[in-house]
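Just so you know, the protein sequences line up as chains A and B, in that order. For the first sequence, the residue numbers in this note's numbering are 1 to 107. For the second sequence, the residue numbers in this note's numbering are 1001 to 1112.
In case anyone wonders, no lab produced these hints; they're calculated from the structure. We put the beta carbon where it would ideally sit given N, CA and C, even for glycine. One thing to keep in mind: the hints can contain errors.
[As the list claims (entries may be wrong)] Taking lysine to aspartate or glutamate and the EDC-like style, the derived pairs with C-alpha atoms no more than 16 Å apart in a straight line are: (1) A/K70 <-> A/E15; (2) A/K36 <-> B/D1105; (3) B/K1057 <-> A/D18; (4) B/K1014 <-> B/D1105; (5) A/K59 <-> A/D94; (6) B/K1009 <-> B/D1105.
[To be verified] Just a few of them, taken from the derived set where beta-carbon distance is under 10 Å, the chain B residues facing chain A: (7) F1010; (8) Y1033; (9) G1042; (10) E1059; (11) Q1099; (12) L1112.
[Said to hold, decoys possible] Covered by chain B, per the in silico footprint, the following chain A stretches (three or more residues, Cβ under 8 Å): (13) 69 to 80; (14) 94 to 100.
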Amino acid sequence: GQQVMQIPQYQHVQEGEDFTTYCNSSTTLSNIQWYKQRPGGHPVFLIQLVKSGEVKKQKRLTFQFGEAKKNSSLHITATQTTDVGTYFCSGNNDMRFGAGTRLTVKP
Amino acid sequence: NAGVTQTPKFQVLKTGQSMTLQCAQDMNHNSMYWYRQDPGMGLRLIYYSASEGTTDKGEVPNGYNVSRLNKREFSLRLESAAPSQTSVYFCASRTGGRQPQHFGDGTRLSIL
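Work out the full structure: start from the sequences and follow the hints.
Written out as structure tokens, the structure is:
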């Protein structure tokens, strides 16, 4: 089965609101990777986290890796319509992906 | 640098027809993957090739076969297409286990 579970499956926000998606694992992860897929597009790699407690930022996106390396989050500040898409995580270099979190943004 | 190239981009088949989806990468990656994505769903792994000369089943291999022709190319074959195989197919590659995957643009396949 899947190593990581991602929640929520869907999130609809008003433009300007914040958004967070979470990946949770029952076991310690060596790393976690985040991808974004725009509607009609293909998944694109965003970032990889490796260290316990690691925090990385990409403009309005903040990625965190938990202290126990069992969970991770992606937070988007002040969403824009360009953030629409599905966000996937993959842990431990797993070649499998979960269902992801689909984000829709109302202008 | 083209990355991962998939052909064709679109295809319509009739039930029972056969077809091969092509994938080629120019990044000298060792590992290659085939996924399918149904509407509103996540990615499901069909087959993968960890290195040239090896192939293994993924989560949903039934009805498919693959060939790792060389380091660059990894093809997916549907021997007898079924409507349940209507989907978007993505090929991906990466240099090794710890590296991110690079995806192609996908093949949109409809089976009538």
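16 Å limit on alpha-carbon distance, applied to hinted pair B/K1009 and B/D1105: Roughly 8 Å between the alpha carbons, so the hint for B/K1009 and B/D1105 holds.
Hint validity - B/L1112 Cβ closer than 10 Å to any chain A Cβ: Since the shortest Cβ distance to chain A is 22 Å, the answer is violated.
Agreement of A/K59 and A/D94 with the hint, judged by alpha carbon distance not exceeding 16 Å: 27 Å, violated
Claimed coverage, the segment 94 to 100 of chain A by chain B - three or more beta carbons nearer than 8 Å: holds (count 6)
Pair hint outcome, B/K1014 versus B/D1105 [Cα-Cα no greater than 16 Å]: With Cα atoms ~23 Å apart, B/K1014 and B/D1105 exceed 16 Å; violated.
B/Q1099 as an interface hint toward chain A, with CB separation required under 10 Å: At 8 Å from the nearest chain A Cβ, B/Q1099 passes the 10 Å test, so the hint holds.
Cut-off 10 Å, beta-carbon criterion: hint that B/F1010 touches chain A: Hint on B/F1010: violated, closest Cβ of chain A at ~12 Å, above 10 Å.
Status of the B/Y1033 interface restraint (C-beta, 10 Å, chain A): 6 Å, holds
Cβ contact check, 8 Å cutoff: the segment 69 to 80 of chain A against chain B, three residues minimum: violated (count 0)
Per-residue hint verdict: B/E1059, partner chain A, C-beta under 10 Å: Because about 7 Å separates B/E1059 from the closest Cβ in chain A, which is inside the 10 Å limit, the hint holds.
Per-residue hint verdict: B/G1042, partner chain A, C-beta under 10 Å: Cβ of B/G1042 sits 4 Å from chain A, so the hint holds.
16 Å limit on alpha-carbon distance, applied to hinted pair A/K36 and B/D1105: Within the cut-off at roughly 14 Å; holds.
The structure is inconsistent with the numbered hints 1, 3, 4, 5, 7, 12 and 13, although it conforms to all the rest.
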